[in-house]
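Taking the hints into account, I'd like the entire structure generated from these sequences.
Going down the list, the protein sequences come from chains R, H and W. Quick note, the first sequence lines up with residues 1 to 173 if you use our numbering. Quick note, the second sequence lines up with residues 1 to 404 if you use our numbering. Quick note, the third sequence lines up with residues 1 to 83 if you use our numbering.
Derived from the structure by calculation, the hints contain no laboratory data. A virtual CB, placed ideally from N, CA and C, is assigned to each residue, including glycine. Please note that the accuracy of each hint is not assured.
What the hints assert, rightly or not - Partner residues aside, some chain R positions facing chain W, computed with beta carbon under 8 Å:
| # | residue |
| --- | --- |
| 1 | Tyr37 |
| 2 | Thr38 |
| 3 | Arg41 |
| 4 | Glu61 |
| 5 | Lys63 |
| 6 | Glu92 |
| 7 | Arg93 |
| 8 | Tyr96 |
| 9 | Leu97 |
| 10 | Ser145 |
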Amino acid sequence: MRILLMGHPNVGKSAVFNRLTGARVTESNYPGTTVDYTKGRVRIEGDSFEIIDVPGAFSLEPKDKAEEVAVKMLEENKEAVAICVIDASKMERGLYLALQVIEKGYPVVIALNMWDVAQDKNIEIDVEELEDILTVPVVPVTAISGEGIRELALRIKEASLVKIEKIIEKAGN
Amino acid sequence: MLDLEQRWELIDKIAKRTIKFGKYRHTLKDAIAEITVKPLTGIPIAIAVLYGFWAFFVAFAGFFTDGFLVKLFDMHWLPWLQEVFPAGKESWLYYIFVGDPLADNCFEAFGMLTSGLFVVIGVVLPAIVAFYLVLIVLEDSGYLPRLAVLIDTVLHKIGLHGYAIVPSILSLGCNVPACTACRILETKKQRFIMRTILAIFIPCGAQLGIMLKVIPETVGWVILYLLAGYFILGFILSRIVPGESPELLLDIPSYQRPTFSNVGRKLWVRTSSFFTTAIPFVLLGVIIINVLHLTGVIDWLATGLGPLLSGWFGVPKETVGALIVAFLRKDLAVAQLSAIEMTKYQMVTSVVLVSIYFPCIATFVMLLKEGGVKGFLGSLAALVATVFLYGGLLHLIWILLGVA
Amino acid sequence: MRKKLSEMMYGEEGIVKSIKESLKGKIAGMGIRVSKKVKMQTKQPIKGPVVIIIDKAETSLGLGLADKILVEVRDEDSVNGSS
Chain R
1 MRILLMGHPN
11 VGKSAVFNRL
21 TGARVTESNY
31 PGTTVDYTKG
41 RVRIEGDSFE
51 IIDVPGAFSL
61 EPKDKAEEVA
71 VKMLEENKEA
81 VAICVIDASK
91 MERGLYLALQ
101 VIEKGYPVVI
111 ALNMWDVAQD
121 KNIEIDVEEL
131 EDILTVPVVP
141 VTAISGEGIR
151 ELALRIKEAS
161 LVKIEKIIEK
171 AGN
Chain H
1 MLDLEQRWEL
11 IDKIAKRTIK
21 FGKYRHTLKD
31 AIAEITVKPL
41 TGIPIAIAVL
51 YGFWAFFVAF
61 AGFFTDGFLV
71 KLFDMHWLPW
81 LQEVFPAGKE
91 SWLYYIFVGD
101 PLADNCFEAF
111 GMLTSGLFVV
121 IGVVLPAIVA
131 FYLVLIVLED
141 SGYLPRLAVL
151 IDTVLHKIGL
161 HGYAIVPSIL
171 SLGCNVPACT
181 ACRILETKKQ
191 RFIMRTILAI
201 FIPCGAQLGI
211 MLKVIPETVG
221 WVILYLLAGY
231 FILGFILSRI
241 VPGESPELLL
251 DIPSYQRPTF
261 SNVGRKLWVR
271 TSSFFTTAIP
281 FVLLGVIIIN
291 VLHLTGVIDW
301 LATGLGPLLS
311 GWFGVPKETV
321 GALIVAFLRK
331 DLAVAQLSAI
341 EMTKYQMVTS
351 VVLVSIYFPC
361 IATFVMLLKE
371 GGVKGFLGSL
381 AALVATVFLY
391 GGLLHLIWIL
401 LGVA
Chain W
1 MRKKLSEMMY
11 GEEGIVKSIK
21 ESLKGKIAGM
31 GIRVSKKVKM
41 QTKQPIKGPV
51 VIIIDKAETS
61 LGLGLADKIL
71 VEVRDEDSVN
81 GSS
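This is the structure in structure tokens:
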């Protein structure tokens, strides 16, 4: 199994990658820092998986080369599981990309990163409800401090294919 | 797949059921975000930030180079090496490794172990560290996208947009990663213009560091002339290169306090990559130049190219050696110029020539890799025209001023 | 009253009413979409880009792009009254 780490630029994707793999990828606070992908390995309950830090993309309709790389990585790894990293304080637009990935037919785990920032901003997110609607694992994470990373790793194998119609149905009532 | 409206509709439903926005308090971060992007306050702040960047760079590099390293190399390393080097002072081995036996400083000796090491460790290393330290703090804080917004109008005139400030600033550290960073621009045309003008006109950190040391009084003018060239060539290319120049569309991240560990790690990664790529090239460059000197190739080239160099560019024919080595390392080339007898004005022209004439070999490879054969040839054509016209123009200016 | 995003004043707020088809997909991922509240953070001089805030996220758009977005703002009086 191969894991793709997807998400917008500047949502702390590289920090999540470092935490999961023990790698030391550096990060910068501007869109397009990582125009190429980085590979690493993550150990989950004794098994080792390959994980790819995909360049940040806002959507799957690419507007620059970094986003093209992201779309290409998805297409080249049809069997992969995707971890979608979302900035918890900007959840709606993060879901836009996550839903696109789900629609494309990838099993997804959602990491709500920068959880601490969202809490500072008095943003309350009902994680259980979100998980129930999306029927994919949703894990609050603060990658900078490492909080939630363990759970994120453990729940990767719960990721499964979800039909978008099912999500629409669940969200509707 | 859903269409865009359906997807947003779904997200609205999900958001309504799962997110509650509490009372939002404005923070200091919001206030800083506002004043750094509004033109009335943002532009003076940007000027202050960039000036501060330069001032720190000069002070930091000067402190270590002039304060410690020059003394270390000139008063201890050089005399010691001249004393203990096993081969005789007349031998070619001595010439290559130690250089001029009468030299009393590491700039003029021009041996591999004297000038070579001195340039890399004594002059360039402090400059690189100083540069990256500030750059990394700017990168990690989230200031660069704001700078991009402020400078957008200007960069529009040369077919780019504000975000081109990112490869441009990265390029001041090293042109190689800057070529890769051009990928953040949307169209082929923009990436071509960016790569070409940065490879030709933006001096890298190593070169800046050595320029500060070799031509401290005129370095400002050289940079100004290069900057003007950056805009002039950009302007011309934006008119003749086919393709589109889309407008700025940029997400601006929130400010963040740079973390010590990330800054440290990045500084280490970049400095160590400087070490592994620069040191072999500098040392190799010294050997090549010395061998070419010993075998008479330099003299032969100097005689052959002399009329062109002195006639068209107005610089002494001895600069040919520096121009050859500029292909390997710009810092080493500028260092070599310092040992040649010439006027202040000729020196400025030579340094400008070394800068715009051929990017270093590593950048050259990147131009090919990122631009493909067609893009590479395009950049090359722009480069050759620039060297002759823009380099010659400087000579013309000196003639008109009566100082040539 | 409706106006283009590019015509909004400093600090003015409004609701996004429509986005030209050619731009819609490009900015969707940045969270810019119809029915969202938008605030004009700044406009740069000499036809420079605008910076807007939607859902607390700042985005900068060139003026030509901002032309393609229509916004409903409260009429002039109340804007003047509140600012």
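Here is what the structure says about each hint:
At about 19 Å, the closest approach between the beta carbon of tyrosine 37 of chain R and any beta carbon in chain W exceeds 8 Å, and the interface hint on this residue is violated. Checking threonine 38 of chain R against chain W: minimum C-beta separation of about 22 Å lies over 8 Å; hint violated. Taking 8 Å as the C-beta cut-off, the interface hint given for arginine 41 of chain R is violated, the closest approach to chain W being about 29 Å. Below 8 Å, beta-carbon pairs count as interface contacts, and glutamate 61 of chain R has one with chain W at about 5 Å; its hint therefore holds.
For the restraint placing lysine 63 of chain R at the interface with chain W, the shortest Cβ-Cβ distance is roughly 5 Å, inside the 8 Å limit, so the hint holds. Hint status for glutamate 92 of chain R relative to chain W: holds, with the closest Cβ pair at about 6 Å, below 8 Å. Because the closest C-beta pair between arginine 93 of chain R and chain W is about 3 Å apart, less than 8 Å, the hint holds. At its closest, the beta carbon of tyrosine 96 of chain R sits 6 Å from a beta carbon of chain W; the interface hint therefore holds under the 8 Å criterion.
For leucine 97 of chain R, the shortest C-beta to C-beta distance to chain W is roughly 6 Å, which falls under 8 Å, so the interface hint holds. Among the interface hints, the one on serine 145 of chain R is violated; its C-beta lies about 22 Å from the nearest C-beta in chain W, farther than the 8 Å criterion.
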